[in-house]
Amino acid sequence: MSAEAADRVAAVTSSRPSTPLQTSWFEFLLDGSLLEKHLESSNADPAPVQLIIQFLEQASKPSVNEQNQVQPPADNRRNRTLKLLALKVAAYMKWDLDALEKGLTIPVLNMLLNELLCVSKVPPGVKHVDLDLSTLPPTTAMAVVIYNRWAIRTIVLSSFPEKQTKPGPHQMNMLSIVQQEKEMTDNILTVLKEQATDSISVLEGALQLKKDFYVHTLRTLDLLAADAAANGETESSTAGLRISADELHCQVHYDVGCIFFQQGCTDQPAYQKARDHFRQTKELLKKLDSTVHVHLDEKRLAGYWNACKALTQDCDSDSQTTPYDQINSLIRAHSYQAVIEAFIKDNVSRVLPNNFRRSVLREFLYKVQLGESGLDEVCHKLCVCNAVRDALEGEVLSVHFQQLLLKPSRRTVDFILEVCTLSLEKDRPSETSRKHMANFMKTLCESLEELPLLFVVSSHKLFMDLLKEEERKVLMEQMRKRSATINLSAKPLPSFYDIPASASVNIGQLEQQLILLLEPRRIRQILIELHGMAERPYWRVNSKWEVPPDYINVILSIKDNLTKDLVYILMAKGLHCISIKDFAHARQLFSACLELVTEFSPKLRQIMLNEMLLLEVRAHETMAAEGSKERPPPDLVSRVRGYLEMRIHDLPLRQVVGEECVAFMLNWRENDYLTLQVPPSLVMNNPYIKLGQLLASTCKELPGPKECRRTAKELWDVVVQICSVSIQHKRNNDGRVGLIKHRESSMGILHRSKFITFIKKLREPLVLTTLISLFVRLHSIVRDDIVNEVTAEHLTIWPSTLPKFVEPFCLSLSIVTNQYSAALNLYLQAGAVSSDFFTKAVPPDVYTDQVLKRMIKCCSMMNCHTQVAVLCQFLREVDYMTAFKALQEQNSHDAMDSFYDYIWDVTILEYLTHIHHKRGETEKRQIAVKAIGQAELNTSNPEEVLQLAAQKRKKRFLQAMAKLYF
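207 is the number that the working numbering gives to position 217 of the sequence shown; each next residue is one higher, with no gaps.
It is worth saying that the hints were derived from the structure and are not from the lab. Since this is a predicted model, take the numbers as computed values, not measurements. Incorrect hints may appear among the rest.
Pairs of lysine-lysine, BS3-like flavour, derived with a Cα cap of 25 Å [claimed, not checked]: (1) K84 - K200; (2) K289 - K84; (3) K751 - K619; (4) K277 - K84; (5) K172 - K92; (6) K744 - K703; (7) K397 - K416; (8) K751 - K843.
Computed spacing ranges between beta-carbons, pair by pair [as the list claims (entries may be wrong)]: (9) K172 - K847: 53 to 61 Å; (10) Q316 - D257: 48 to 56 Å; (11) S628 - S581: 16 to 24 Å.
Cβ atoms here follow ideal geometry from the backbone N, Cα and C, with glycine treated the same way.
With the hints as extra help, turn the sequences into a complete structure.
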């Protein structure tokens, strides 16, 4: 470096504020006294847990011998010293498992505690449960206790929702390291869970010891390093940090209580054991003067204690009962009316949290699902109580309550008004409460359809008191518009059915019920009443009622109008229920329709049997997609075969039924039927069966490439034909040939769009692997790109060239024909599915760097350059070069500055301000400056704040992208 350059560096360096350099791990090896000084200093950098990670990382690095072979870490003085340094840091932290668990991953903490067992001379090869703790040296016994406490705590923590992985020692090759760490963690957890019973026994044994315990300190660990001195002093009864028996028992009782509570969901008596341990914890906490060595969350302990009392029906344990205890006691005593009254009183006092009140309602709903009778009304009343509480707090009303308002009885409305009246403070309700309650009364009026019930609310004293005269007039006018022929201020009608048959409002309300109802008998009853009032085609009442076009003519040819309406509506409602996966109601509706048509139409009967088969196939496939491993019953498989082989003259058959039946057979590996038993005439006439047979044959013969090449070649030819498109040409005025358009080739047994729909219904891994392999081979041939070649399993079974009949045609594959918008749509769909529509972070194994770079390419090729810049931030290492290049482009086809709110990288924002200033784009520069000025993006913020800001912008950006491309 020249003297001038050195001066410049010195000048720059001297102008910066001096910050202390981070101490490197190897410096602690060189200076034995440095560790204590470092740990005692304020704001030690690296922090203690980071030091443990660094020491253990260096000590566990594999070595390479002279033959360049990787060897396990050497057992030398350097590595032993590094491990001892890690233990000394943990000793400085007083072996606080809370702090260690927060800062260290499971594999690192496992390594640390195993090293503690080693230096504490725990007998190797002996199970901890076989050790007699009372005969071991104090520090040895304590090492066993610490390890087994960590073991059961880790099991409990692993049962909670998984948090983001803590950063490990490496940052390079992060993906593979995270994967390795996950595998190591899973392996360790498997061992810990297998040994959980032994760990509990060890800790219960420790609870029997009444003497004080001692744990290693920095001094005793130093003595261990000097072998001669260690033999005597470190094993004496007073060596190390003293922990009183009560302190240790308090902590152990809490930890053991936690694992028993976790086991309670599968072993009910475990809740009783958990309760006993939590009781001991509470008693010891009261007894202890100092809790220096007790690390537990007393609020969490209180939560565990209340839950155990509720689950074990023990509410007499405390002299003072909490509101939770009172409610749980009433539930156990089946005093349900008293529970309702307690909820109404709580609407005034608001002591019980909303989540507890909702959990009580869920408990009752669960009992109803289990078939417990007489609880429907209790559920309705608790739902009303919770809705009024939500209304008073300005919360959104629950879906359950809104469903209750779809068809409420007079009794329900009276109860709602009673709860509203009792839930306001008696003396002088606050203005906020009055305002919220008035809004609730308005909502109630707007939700009720039946006129008599509307009058009950609008004439109630509370309604008159809360709403001003002007508000009441406006609301009444809205109600009049909704039912113009009825005067809402008139005397209420005695009953809904007493309205004269000629009143149009009666027909309108019956039609409204007809739309909402799912009970077949009630649907039939309403149709009978409607036909008695006016003869018209009621199947047209709802434009969203649809039946397949194949069946329209058969249904509309029914002569009796009532029967025609009923068949059409039952089928349409059943199909709608299937589409929303409400299979229980679909079965009821289809069964009723089948019973009806059996009386007069064999053709419609067979149609309904076919639709009911499709219903059962979809129901079973849905269960399988949700994780069920249960195979379909033999009866269902037999019915599917029967449908595929069915030949009835003049019977309309829906293509989708055959398609899903073939997919069903493939998904459940009914390959023998498809390859050997299906009649040849079906293979010739049904393209789905032909495709299914070829897929089944190829999969069946996959282990031997030579045998399966013949069927694979046939499958290849069929798929290539389907994927082919013809190119139509037309001569221009000047006589030259011009390209007009691509059309799907008519050569294929299926149209490409139908083929794609069929593929989406397949989920059997081997079938999907086979198809992916075929498409990879097809892609490689069409793309002919050696550098970016894609690989897959079983590529050798496919031909290496396209068949001759494709020469006049060209292949249309999304990836090849540069359908970037379609590709981006699919990438966004994958992210949305894995993150609850971007309400959570997209898992890193879904949006890998490779996937993100492809998304960036898609945006770039569509000239959406601002989107490119935003996505560059998502990469593990921000790609500034690509981002800056994209922002320099002036022909961006996206909304440009509207995306600036999604940028959290200050460097990119600063570059944006520079670019806009250079171009004289003042308004856009101001938007970028405003984005930089947000407090949460301040680089001085803690890392957690910056990460939170980034995650928030990621979610919002991906949601915005989904709106654009979905």
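- Given a hinted range of 48 to 56 Å, is it respected by the beta-carbon distance of Q316 and D257? violated, 28 Å
- Given the hint that K751 pairs with K619, does the C-alpha gap stay at or below 25 Å? Within the cut-off at roughly 17 Å; holds.
- Message: Just to be careful, I want the Cα atoms of K751 and K843 compared with a cutoff of 25 Å; is the pair within it?
- Response: violated, 29 Å
- Regarding the pair K277 and K84, is the alpha-carbon distance no greater than 25 Å? It holds: about 22 Å lies between the C-alpha atoms, which stays within 25 Å.
- K172 and K92: Cα distance at most 25 Å? Roughly 17 Å between the alpha carbons, so the hint for K172 and K92 holds.
- Supplied distance hint 16 to 24 Å, evaluated on CB atoms of S628 and S581: holds, 20 Å
- Message: Need the status of pair K744, K703: alpha-carbon distance at most 25 Å?
- Response: The given pair, whose Cα atoms are some 21 Å apart, holds under the 25 Å limit.
- Message: With the threshold set at 25 Å, check whether the alpha-carbon distance from K397 to K416 stays at or below it.
- Response: violated, 31 Å
- Query: Keeping to a limit of 25 Å between CA atoms, is the pair of K289 and K84 held or broken?
  - Reply: holds, 23 Å
- Item | Distance restraint between K84 and K200, which requires alpha-carbon spacing of 25 Å or less | holds, 21 Å
- Is 53 to 61 Å right for how far apart the beta carbons of K172 and K847 are? violated, 29 Å
The structure fails hints 7, 8, 9, 10 (numbered hints given earlier, in ascending order).
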